[in-house]
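Colleague: Keeping their order, the protein sequence lines are chains A and B. Take 577 as the starting number for the first sequence in this note's numbering and just add one per residue. Take 577 as the starting number for the second sequence in this note's numbering and just add one per residue.
Wrong hints could be hidden among the right ones.
No distinction is drawn between identical chains; accordingly, a pair holds when it is met within one copy or between any pair of copies.
Unchecked claim - Restricting the straight-line Cα-Cα distance to at most 35 Å, the calculated cross-link-like pairs of lysine-lysine (DSBU-like) are:
#1 Lys858 / Lys880
#2 Lys613 / Lys880
#3 Lys620 / Lys880
#4 Lys806 / Lys782
#5 Lys880 / Lys826
#6 Lys647 / Lys620
#7 Lys796 / Lys782
#8 Lys619 / Lys858
#9 Lys880 / Lys782
#10 Lys647 / Lys796
Simulated from the structure, these hints should not be mistaken for laboratory data.
2 protein chains.
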Amino acid sequence: MDPAELTERLRAGDTRALARAITLVESGHRAAGAVLKAFRGGKKSKVVGLTGSPGSGKSTLTDRLIEEARKRGEQVAVLAVDPSSPFTGGAILGDRIRMMRHHQDAGVYIRSLASRGALGGLAGAAVGALALLEAFGFERIFVETVGVGQSEVDIARVADTTVLVLTPASGDAVQAFKAGVMEIADLFVVNKFDLPGGERVVQELKITLEIAPARPGGWKPPVLSVVATKGDGVAGLFEGLEAHHAHLIKHNLLEAHRLERARFQVESVIQEWGRRRTLAGKDLVALVAAGELTPEEAAGRLLKQTAHEPGF
Amino acid sequence: MDPAELTERLRAGDTRALARAITLVESGHRAAGAVLKAFRGGKKSKVVGLTGSPGSGKSTLTDRLIEEARKRGEQVAVLAVDPSSPFTGGAILGDRIRMMRHHQDAGVYIRSLASRGALGGLAGAAVGALALLEAFGFERIFVETVGVGQSEVDIARVADTTVLVLTPASGDAVQAFKAGVMEIADLFVVNKFDLPGGERVVQELKITLEIAPARPGGWKPPVLSVVATKGDGVAGLFEGLEAHHAHLIKHNLLEAHRLERARFQVESVIQEWGRRRTLAGKDLVALVAAGELTPEEAAGRLLKQTAHEPGF
Numbered sequence: 577m578d579p580a581e582l583t584e585r586l587r588a589g590d591t592r593a594l595a596r597a598i599t600l601v602e603s604g605h606r607a608a609g610a611v612l613k614a615f616r617g618g619k620k621s622k623v624v625g626l627t628g629s630p631g632s633g634k635s636t637l638t639d640r641l642i643e644e645a646r647k648r649g650e651q652v653a654v655l656a657v658d659p660s661s662p663f664t665g666g667a668i669l670g671d672r673i674r675m676m677r678h679h680q681d682a683g684v685y686i687r688s689l690a691s692r693g694a695l696g697g698l699a700g701a702a703v704g705a706l707a708l709l710e711a712f713g714f715e716r717i718f719v720e721t722v723g724v725g726q727s728e729v730d731i732a733r734v735a736d737t738t739v740l741v742l743t744p745a746s747g748d749a750v751q752a753f754k755a756g757v758m759e760i761a762d763l764f765v766v767n768k769f770d771l772p773g774g775e776r777v778v779q780e781l782k783i784t785l786e787i788a789p790a791r792p793g794g795w796k797p798p799v800l801s802v803v804a805t806k807g808d809g810v811a812g813l814f815e816g817l818e819a820h821h822a823h824l825i826k827h828n829l830l831e832a833h834r835l836e837r838a839r840f841q842v843e844s845v846i847q848e849w850g851r852r853r854t855l856a857g858k859d860l861v862a863l864v865a866a867g868e869l870t871p872e873e874a875a876g877r878l879l880k881q882t883a884h885e886p887g888f
Numbered sequence: 577m578d579p580a581e582l583t584e585r586l587r588a589g590d591t592r593a594l595a596r597a598i599t600l601v602e603s604g605h606r607a608a609g610a611v612l613k614a615f616r617g618g619k620k621s622k623v624v625g626l627t628g629s630p631g632s633g634k635s636t637l638t639d640r641l642i643e644e645a646r647k648r649g650e651q652v653a654v655l656a657v658d659p660s661s662p663f664t665g666g667a668i669l670g671d672r673i674r675m676m677r678h679h680q681d682a683g684v685y686i687r688s689l690a691s692r693g694a695l696g697g698l699a700g701a702a703v704g705a706l707a708l709l710e711a712f713g714f715e716r717i718f719v720e721t722v723g724v725g726q727s728e729v730d731i732a733r734v735a736d737t738t739v740l741v742l743t744p745a746s747g748d749a750v751q752a753f754k755a756g757v758m759e760i761a762d763l764f765v766v767n768k769f770d771l772p773g774g775e776r777v778v779q780e781l782k783i784t785l786e787i788a789p790a791r792p793g794g795w796k797p798p799v800l801s802v803v804a805t806k807g808d809g810v811a812g813l814f815e816g817l818e819a820h821h822a823h824l825i826k827h828n829l830l831e832a833h834r835l836e837r838a839r840f841q842v843e844s845v846i847q848e849w850g851r852r853r854t855l856a857g858k859d860l861v862a863l864v865a866a867g868e869l870t871p872e873e874a875a876g877r878l879l880k881q882t883a884h885e886p887g888f
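For reference, chain A alone in the conformation it holds in the complex (with noise of 0.2 Å):
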């Protein structure tokens, strides 16, 4: 199928179509710019990101939410990230499953991401999914991501809402904090909220936060409990959702932050085109090795060679 075709379908509401073009993105093929450039615009999307340890139960919690917007009316997509760690990878598939009873319904959207292939690397093919889902017409996406490492942080940046999964289990607040994660939350979950210690992760996390620098616009990160399990606490969450979004419409801070994730795409696509140079310059890595270049000056110099490529 070529682009036209393609974006064709895809206007015409073709989910197939949806599938192919997010694998295009993933794959980094070269048609996906023209789909990307040809295929856009509509109504925005409410982005939610939803990040945590695994076994805090984010795709339980992101079940109980596709519930709560189905009622409220709306067209959901959920793109579930992830790193593929050789450790962590494919552990995303029991989650996709546990999501399946979804899949039934017109109106859920699920995909996972997993592939490196795309030049902007995994959070780029994310934002190159999320347009595509937008274009399509979504009122809300929620992005999904394993574990609480770099990356997530990245892919937590092209949320318009940030949601932490905490759980009472001893030392999750702790790490969320060292992995810098704290910082970028909007919302703060403390889910499986019945199980020992929950009250005491709740207070903890809003002592932290007092003492955190403040938010744009003066947004203060709610802490709310949850049992994901039981759907407790979810309809009080989703307001949350819906009171930060109000939030960055009222502030002005919702175009900033589509400016932000345009940037992020634009660095992202720089980051893997270094990464690749850099693996396939192995004369100019072993000048600098050997002290006869620095690595300024080889930067530079394959930053000069790609100017002169037709293509980039």
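Since the structure of chain A is already known, use the hints to place chain B on it.
Modeller: Structure of chain B alone, referenced to chain A:
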């Protein structure tokens, strides 16, 4: 002081000149490149990276390893790298003071690195500082990082031998897993082994490592237990470091590692350049946000613009 004079003083073994040169690298000063090129060579240092959660006792362990290296007559440098999160910034100061007792020893040089001024980011600055310390003649360099995030993984890549420090505290090993640090460590150390659960963590790690992918040259990462506060097991750990270094030489991996370090350095420069250029290139980013340009096209334009600028 101009680069030539600084280099002269470095060659004369002036540690104040060394401190000055590292500051140039840290702040991304233009003169840093000239000094790095002029002041090189000498023997290769054995570079050992230590990483692990705050509270794992890395600094106390590093202190013990300094002792051990000094017993063997080695000249030792410590590079303490702090990514300066708004939350963790400054945490390293206490650690430095703890290591202060070695400051009286002319065979020990301790330096922390915190700025992000260098074009290659913090990791790039660490590589630059490492090159200076090596040229200065230190036979052993310990690179200590705070936390277990991506930047720590990156920084660990610059070491010849990477040690992951864990404790019997619940969840520590699991967190290391998630952060992808398990894959990069050459030796695993369970510190505070005298606390409850020490043996269990050692066994868990051993089981996990059995299913881990093979390491270059067939290296099997050992799991060692120590009590750094008492010095128990530190001599054994030092022998483990030596064994890994011998393995690298035997399998001709040291050179490959140096090349990987240089590659990483060039990549870091490109990453930081991308971060700065996309921050400055607001017009291009706005075109991406508006869908007029793909991220790849915007990245290409930034590349072409920069390639024509003098000095890069």
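Colleague: All the hints need checking, so say for each whether the structure fits it.
Modeller: The hints, checked one at a time:
no.: 1; hint: Lys858 / Lys880; result: both (16 Å within a copy, 22 Å between copies)
no.: 2; hint: Lys613 / Lys880; result: both (27 Å within a copy, 21 Å between copies)
no.: 3; hint: Lys620 / Lys880; result: between (38 Å within a copy, 32 Å between copies)
no.: 4; hint: Lys806 / Lys782; result: within (24 Å within a copy, 37 Å between copies)
no.: 5; hint: Lys880 / Lys826; result: neither (44 Å within a copy, 39 Å between copies)
no.: 6; hint: Lys647 / Lys620; result: within (20 Å within a copy, 66 Å between copies)
no.: 7; hint: Lys796 / Lys782; result: within (10 Å within a copy, 44 Å between copies)
no.: 8; hint: Lys619 / Lys858; result: between (47 Å within a copy, 24 Å between copies)
no.: 9; hint: Lys880 / Lys782; result: neither (50 Å within a copy, 48 Å between copies)
no.: 10; hint: Lys647 / Lys796; result: within (27 Å within a copy, 54 Å between copies)
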